[in-house]
Amino acid sequence: MQRALKKYFPVFVAPTGIAFTIAFLLPFVIGIYLSFSDFTTISNAEWVGLENYQRAFDESQGFTSSFGFTILVVFVAVVSVNIFAFAIARLLTQKLRGTNFFRSVFFMPNLIGGIVLGYTWQQMINAVLANYGTTIISKWEYGFVGLILLINWQQVGYMMIIYIAGLQSVPPELTEASEIDGATRWQTLRHVTIPVIMPTITICVFLTLANSFKLFDQNLALTNGAPQAQTEMVALNIVNTMFARMGQEGVGQAKAVIFVIFVVLIALVQLRATRSKEVEA
Amino acid sequence: MIEHAENAAEPLPEGNQTLSAGEKPKPARNGFFYVVLVLLVVVFIGPILFIVINSFKHKFSISSDPFALPIGDMWAGLQNYTTGLARTGFFEAILWSFVITVLSVATVVFFSAMTAYYIIRVKTWWTSALYYLFVFSMVIPFQMVMFPTVKIADMLHFNNPLGMVVLYLGFGAGLSVFIFSGFIKGIPLEIEEAAYIDGCGPLQNYFRIILPILKPTTVTVAILNAMWIWNDYLLPYLVIGLSTRYKTIPVVVQMLVGSNGNRDMGAMMAMLVLAIVPIVVFYLVSQKHIIEGVVAGSVKG
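Listed in order, the protein sequences are those of chains B and X. Residue 21 in my numbering sits at position 21 of the first sequence, and the numbers go up by one each step. Residue 38 in my numbering sits at position 38 of the second sequence, and the numbers go up by one each step.
Be careful, since some hints might not be right.
From the structure, some residues in chain X lie toward chain B, with a derived Cβ separation under 8 Å [said to hold, decoys possible]:
(1) 141
(2) 166
(3) 173
Over 10 Å on every C-beta distance to chain B, these chain X residues come out as not near it, computed from the model [as the list claims (entries may be wrong)]:
(4) 98
(5) 103
(6) 128
(7) 132
(8) 159
(9) 161
(10) 186
(11) 188
(12) 211
(13) 216
(14) 218
(15) 222
(16) 264
Calculated from the structure, these hints are not laboratory results. All C-beta atoms in this analysis are idealised placements derived from N, C-alpha and C, irrespective of residue type, glycine included.
Make the full structure from the sequences, and use the hints.
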């Protein structure tokens, strides 16, 4: 049977394979090569060794500061999104009428794309700040708070859905037993519910981490890095290096490689760290 | 609206509840919960409502009374909408967004399901290598491949909807193959063996037996891809560019509001509303599948 299927490679794999090669595989390999080159198109690339990597860390590149800002945003966002999402999920797994309506409402912002979302929040926040005669782009703190609000608004509903599924899979016998044994609600949550839904927490933390780290559209629309690139996150910094500054394509590509290494490392460390806390229900 | 949402969203399986069976919910605590939930609804709907309200106001009133209702002198009717539409070609953008999304989603679902089936059923070193490459591509930020992809797309004249479909198949394959593979692993081989004995070839076997079984997963994959492709900004902006007619909604929104400092806030609000409307309609029609899809996608992911 496997042998009969094997001959159908051109039908089953080739279309996806070709598209994947054009869009991802080939560009990935070329991208690594280009990060060691000076170029403006792919064909005129000239090998320069580690020069781009050194230049990436120059003060004037704003790369290190964008990394710092990104880590701050990601940290606050991952913590707040997961706490809110979990709390709302708990609320919506109580015996209440109309939970489906609330679920639908809270999830909706997730469908609105980053560009539209960014401008929507920019208008909202500017309308509030107008009372104090200022705008979101006048101080980095405003942009930071704006990003955190936006990320929460967008991602809480998505994570809530996953947490609800997780909470519903906790065997009721476990929580009942714990309550019969005299545990308080808090103790039951802390020692029974949370350990059992650890796989769900792993997934949600991973998703929020990855989403927030790669944030681009929202950042572009909300502040575009203003003031003075102080609210520029890594993804935006890289795109600006490659397309908005002349002759720095190689530096931009080197930054992208550093970004990839960082993201992959974080993903591995995070998965390992939370997996180790998972228990069998 | 409440009625509608209630009907459309099939309850997720009511599994565990915090209250054990037989115990009556405490009315006082429930009252508190409802107050919290209603406040949350206000927070979640607020920004959208804010944009809708202001899209009907004169420019001047938007900056002077941003939180007031559009009544009396403030009411601008559809003026913001007509200005915005005149400046952006918005309806054409909706059309191209729609064409690109539908074609891409159909292509991604069709081909990545076939690829996943092949990878799972034909066990060689290179099919498993391919599987890990697809998984790997899910974690990699777009910026890594952005420059070369755009240059290759340029060389191949991909600055049109069909070119975009090929690129979206390439980028969408990672997650889609991953989700399909997870599902196909669970399909017992005996069903296919029986079909072979009855004289089915691999193609017949796939289309007549596997594909129908895959249907729920297909819906999941289609929804996850549709949400991403409809809202994607950077790829269409870089590949299609601003000089062709195939601009999508995120691209024209960014063009309208991001290009100069002297922006028409009224027109901008109106265009934001028009950009949100199709998504809300899509959501109201298919929210049951969307929410199930998200759960299924995350469990596999």
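Hint check:
1. Taken as an interface hint, residue 141 of chain X checks out: its beta carbon lies about 5 Å from the nearest beta carbon of chain B, inside 8 Å.
2. Nearest Cβ of chain B to the Cβ of residue 166 of chain X: about 5 Å, under the 8 Å cut. The hint holds.
3. Interface restraint check for residue 173 of chain X: the shortest CB-CB distance to chain B comes to about 5 Å, inside 8 Å, so the restraint holds.
4. Taking the minimum C-beta to C-beta distance to chain B, about 14 Å, the non-interface status of residue 98 of chain X holds against the 10 Å cut.
5. The beta carbon of residue 103 of chain X sits about 13 Å from the closest Cβ of chain B, which is more than 10 Å, so the claim that it is off the interface holds.
6. Look at residue 128 of chain X: its CB is around 13 Å from the nearest CB on chain B, clear of 10 Å, so calling it non-interface holds up.
7. No beta-carbon of chain B is positioned within 10 Å of the beta-carbon of residue 132 of chain X; the least distance is around 12 Å.
8. Interface exclusion of residue 159 of chain X from chain B stands, the closest Cβ pair being 14 Å apart, more than 10 Å.
9. With a minimum CB-CB distance of about 15 Å to chain B, residue 161 of chain X clears the 10 Å threshold, and the non-interface call stands.
10. Distance check on residue 186 of chain X: its Cβ is at least 18 Å (rounded) from any Cβ of chain B, clearing the 10 Å threshold; non-interface status holds.
11. Every Cβ of chain B is farther than 10 Å from the Cβ of residue 188 of chain X; the closest lies at roughly 13 Å, confirming the non-interface assignment.
12. For residue 211 of chain X, the condition that its CB be more than 10 Å from all CB atoms of chain B holds, with the nearest at approximately 12 Å.
13. A cut-off of 10 Å between C-beta atoms confirms that residue 216 of chain X is not in contact with chain B; the least separation is 15 Å.
14. Annotated as non-interface, residue 218 of chain X keeps its C-beta farther than 10 Å from every C-beta of chain B; the closest such distance is 15 Å.
15. Residue placement check: residue 222 of chain X keeps its beta carbon more than 10 Å from all beta carbons of chain B (closest about 14 Å).
16. Every CB of chain B is more than 10 Å from the CB of residue 264 of chain X (nearest about 13 Å), matching its label as outside the interface.
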